[in-house]
Amino acid sequence: MEKHMVVCPYCGSGCKFNLLVENGLVVGSEPLNGLTNQGELCLKGYSGYDFINDTKILTPRLYHPMMRTSREKPLKRVSWDTALDFVAEKLLAIKEKYGPDSIYCTGSSRGTGNESNLVMQRFARACIGTNNVDNCART
Amino acid sequence: MSRFIAINPNRCVACGTCRAECSEGHRKAGLQSEPRLALYESRDVVASLTCHHCAGAPCVKVCPVNAIQHCKDGCVRVDEHQCIGCKLCAVTCPFGAIHMAGTPVSGVAGMEYHVPTFPASTDPLIRWQIGVITAAVKCDLCAYDHGHPHCVDACITNALRLVEDPDDGDEIERKRVVSGYKSIAMLENFDPREDDPEAARFDDSAEGGK
Amino acid sequence: MSCGVPGMEDAGCLFLFGYNPNTSHPIVARRVVRAKEKGAKIIVADPRFIETARIADIYMPLKNGSNVAFLNSFAYSIIDQGLVDEEFVRDHTTGYEDFVKVVERYAPERTKDITGIDPAMMNEAARMYATAEPSSIICWGMGVCQQVQNVEAVHTCAAIACITHQIGKPNSGVAPVRGQNNVQGACDMGALPNFFPGYQSVTNPEVREKFAKAWNIPVDKLSDHVGYKVSDIGHLVEDGKVHAFVNMGEDPLQTEPDAANLKRQLEGLDLFVCLDIFMTQTCAEADVILPATSWGEHEGVFTACDRTFQYFSAAVPPKGECRHDWQIISDLSTRMGYPMHYENTKEIWDKECRELWPGAYGATYEKMAGLGHAQWPIPTLDHPGSPDLFLGGKFSTPDRRARLIAHDFVYPTEMPDEKYPLVLCSVREVGHYSCRSMTGNCEQLTDLADEPGYAHIAPADAKARGIEHDDLIWVYSRRGKIITRAFVDDRINEGAIYMTYQWWIGKTNDLMLHHVDSRSHTPEDKYCACQVERIDDQMWAEEHCQELYMALKERLFKKADRQYVDSDELGVPTELDEADVTPDPQPATA
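Residue numbers (this note's numbering), protein chains in the order written: chain A, 1 to 139; chain B, 1 to 210; chain C, 1 to 590.
Pulled out of the complex, with its shape left as it was, chain A reads as follows (with noise of 0.2 angstroms):
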């Protein structure tokens, strides 16, 4: 059995723990010593880590890119090329027509980290030239 630390994605107490991982499959936590939990965590830390295995109970995962080119169409499987073109190309031309401030990007206070939205802002800013972008801090 791997162990591999994490910090909790539920709560801003910053809890850690371990995430036990077996064939590839996350099977369990263990809390860790931290500054905050010391060695304790809720019913969250210990049993909300089986969404990573895709359970399929509310909501499947996503594991391809998909698009769909216009509204009455539905989504397709795409490459990620085909994907990020066509978002890159669609952005661009929105820019073009309606100038940055009409292109909006959200970064995200979950559990896509930091660093995330370090590339998240820089992107708005440098590359589409707008200060539209923001979390969901407010709910």
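FYI, nobody ran anything at the bench for these hints, they're computed from the structure.
Worth double-checking, as some hints may not be accurate.
For each label pair, taking beta carbons as the anchor points, the in silico distance ranges come out as [what the hints assert, rightly or not]:
(1) B/ASN158 / C/MET550: 52 to 62 angstroms
(2) B/SER121 / C/THR94: 56 to 66 angstroms
(3) C/VAL100 / B/GLY96: 48 to 58 angstroms
(4) C/GLU267 / B/PHE118: 37 to 47 angstroms
(5) C/VAL100 / A/ARG71: 52 to 62 angstroms
(6) B/ASP123 / C/TYR411: 18 to 28 angstroms
(7) A/GLY39 / C/VAL219: 25 to 35 angstroms
(8) C/ALA460 / B/SER121: 16 to 26 angstroms
(9) A/ASN33 / B/PRO94: 35 to 45 angstroms
(10) B/GLY180 / C/VAL100: 52 to 62 angstroms
(11) B/HIS148 / A/ASN33: 39 to 49 angstroms
(12) B/ALA29 / C/LYS351: 44 to 54 angstroms
We treat Cβ as the ideally placed atom computed from N, Cα and C, and that holds for glycine.
Following the hints, position chains B and C against chain A.
Only chains B and C this time, still in chain A's reference frame:
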């Protein structure tokens, strides 16, 4: 010897971690996933209540198929496979520590359609679901894990503890009586001293009162 | 927070104002219990008798939506009882006279009809808070922030801490305990329309100069004005101001108020891109879905509510074609003509955070290895980190003095009336998190609590409507009508109901009013008017509820299944597609 789980209500923060860990442990061991602890919350008190593993456990006496046994390790245990779901134990338990539960296959298994057959407000004693085996569910002190209760380990404030020191029989007996009276008082909101002057002498040093 | 979470247990008084740690942060609630055991006084002000109220020395049942009136009276009471630390006010604050001019109109006797608080209790609590040794902490949560007068209340809380000198020393001050795991981090990292990383203002030309240089672009390419706030996105699309939305890891159709209306508004987008790990209700409306890695599949740094940076590792490799969010965005940027490339998160952290934010320079990955952590401000490599802010009364204003600000009280936007006589307040529950896409897919947590969730209601209000515990009920407001379960609860104040916003069927945000305050644009999720009605046929209601739940799941599963349908010719409809675009049958509503 008797062992049981005691709670200090002043420390309980009602987070429900004990119930989640209880449920997860039993579920993984192939037993009913229903939590064995009930979280009782009112304006005055909050406590995770569970079986007291009574010395003279009435549930053991009333079970018609002997599915409930007093075990040598000090625990009163239900054999969920033998249980016929007659509810006699649940009715007779003075603490409300036994209830009936059946884990339906469709409950949490993703897309399978759960067809409700009774409103949720139905009394737990008369619930019944087609095709779901109903068994009496109560604390077994995590017998599946060598009698090492998961709730006690999980409690974030150390409000729960396993009482097992066979230090002083009288002490344990005293605590058991007090704990019993306190639970009844909590649940039915009456003062035991009015009914039983004997109980009053235990009151000041009551378990969990400090 | 101006203090650390561990330090809370060493304060002399904890004043919990609109904050319910037991459901939002059990691990913080644990510190409250420990503080109590160490002798701290606990004051709880909350319309609900929350769990901490049970161990509180004073429980103040203020009326819903009366925060600013309450705080003004609290301040009045401090001043009136001579509990102001005049020396601290003189040396470390400005604006005291103007502050007094406002709060002097709020004698507890005058506000008691608004707040519901007995003046004697107000005076006792003010005395307990102001005189506690060695320090007091005001803790608040969304009960302050999701009100129409949120910024106003925060100003007053901070001012109360200042005039009593319960700030600027260890384990003291203000503790807005952040709810989501990395909401502090997202703000720290500049995912805000007004700040670069480290709260460096976008309107400051010197700051823009610095970032333009670091990012290798001409300074005039950086926008010099504050951007829009995400809570306004619906209106911005509707008004034709925003045409494209790149949404990373959020589910606004579950978490934003008046969700049904927001869904309609977002249909006006020219391009809607979602980066997510699950097929959420929001993803289901997107034009492009980019699969990201989940927590557990990527590494990085989170910032806890008390400014503590902590590193987390990846436990399992990415699944399918999933990529890390930062990889997706860098790639997209490169394709748009602005190349960004990083090898790993450490490189991003060092280049984009530590080097551009002086206050975080000392927070290296090495320091955060293992059980290590780094609490900002941490300006140098040998700095130990700062559990406490403003020590010695040195504040982060240009003159290093705290500005004392008070505001007049304003009533909430949508007051109850004859047709909608109850207050609806959106709250949290302990076993589920945010939009529930993560915890709702955890077997154990779903086993303990599943749809449609509960509306907590006072026994008298339930009785008046013939509602019993666990009954399914209708809740409706001017925005919509949903089905949920009644939790008859003697801890609930009469005239209000409390629902958690996690449920996709019992969806609180279909009922909430979308009204944001003018300063922070935070929705008023703690107050709108509603009505509750019993459902006579409970068996029908149980079945109906399940039907709605299954229909929603089926819709999302069907959408997600599209990722397994390969297509070479994008956009050529097949037979399968025809069936797919047919709208789901709408289950009947009674």
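Hint check results:
1. Between B/ASN158 and C/MET550 the C-beta distance comes to about 42 angstroms, which lies outside the given range of 52 to 62 angstroms.
2. In this structure the hint that B/SER121 and C/THR94 lie 56 to 66 angstroms apart at CB holds, the actual value being about 58 angstroms.
3. In this structure the supplied range 48 to 58 angstroms holds for C/VAL100 paired with B/GLY96, their Cβ-Cβ distance being about 56 angstroms.
4. Look at C/GLU267 against B/PHE118: about 40 angstroms separates their beta carbons, and that is inside 37 to 47 angstroms.
5. Checked against the given bound of 52 to 62 angstroms, the beta carbons of C/VAL100 and A/ARG71, roughly 58 angstroms apart, stay inside it.
6. In this structure, B/ASP123 and C/TYR411 break the distance hint of 18 to 28 angstroms, their C-beta atoms being roughly 43 angstroms apart.
7. With their beta carbons about 50 angstroms apart, A/GLY39 and C/VAL219 fall outside the hinted range of 25 to 35 angstroms.
8. Between C/ALA460 and B/SER121 the beta carbons are some 18 angstroms apart, a value that agrees with the proposed interval 16 to 26 angstroms.
9. Between A/ASN33 and B/PRO94 the C-beta distance comes to about 41 angstroms, which sits within the given range of 35 to 45 angstroms.
10. Take B/GLY180 and C/VAL100: their Cβ atoms lie about 58 angstroms apart, and the range 52 to 62 angstroms holds.
11. Between B/HIS148 and A/ASN33, the C-beta spacing of about 21 angstroms breaks the proposed range 39 to 49 angstroms.
12. The beta-carbon spacing between B/ALA29 and C/LYS351, approximately 49 angstroms, falls within the hinted interval of 44 to 54 angstroms.
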